[in-house]
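**Student:** Position in the sequence shown (from 1) plus 89 gives the number in the numbering used here.
Quick list of simulated restraints, FRET-style, between CB atoms:
| hint | residue 1 | residue 2 | range |
| --- | --- | --- | --- |
| 1 | A265 | L201 | 16 to 26 Å |
| 2 | A271 | G167 | 36 to 46 Å |
| 3 | S166 | A271 | 36 to 46 Å |
| 4 | G251 | R213 | 36 to 46 Å |
| 5 | A243 | E155 | 12 to 22 Å |
Since the hints were made in silico from the structure, they are not lab data.
All residues carry an ideal CB built from backbone N, CA and C; glycine is no exception.
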Amino acid sequence: MTSRPLVVLDSCVLANFSLCDTLLRLAEPPRLYEPRWSEQIIRETARTLKAKLGWPASLTTYFEAELRAHFGEAWISGYESLIPQMTNHEKDRHVLAAAVHAQAPIVVTFNLRHFRRENLEGRRVRAMHPQSFLVEMFRQEQTTVMTKLEQQAADRSRSLHGLLEILSLTVPEFVALVYEIALRK
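Generate the whole structure from the sequences, applying the supplied hints.
**Tutor:** Encoded structure:
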């Protein structure tokens, strides 16, 4: 990959811990993309982690502090005046406005229905399911993706197969591709 795209990660992706870990590792040197998010996206992520996944406040605070420490350049601000101009789903207009303001050509989200093609036209932004995004990254930088997956598994005291089993719950086609191409045996 010759250039690293700016990619807005939606809260639904950030709140999925194993997937988030994989995506953030791909954004660490050597970076395959540059992650972006807003304060509002992180607030939504924290609410989900606390209310739906039962994370204690101390853990969500730690998570946010780690994002700030390792991805300080990822924070988007100054986009708020664009929110009323967005025509996508009301709950995710702030996400699209942040992407437009940051000139990020990709939003990675599970909520593709909130980012319909007709709402993105003329905005130079496309919405991608995390599975499609990971498949694209893998096809472009297979060796780097495999190295980062192996490190993630080791850091979590799991086997690579164990990690892939967890990821297969949310990104099964990506995992199938990894098995098909990189883990043929």
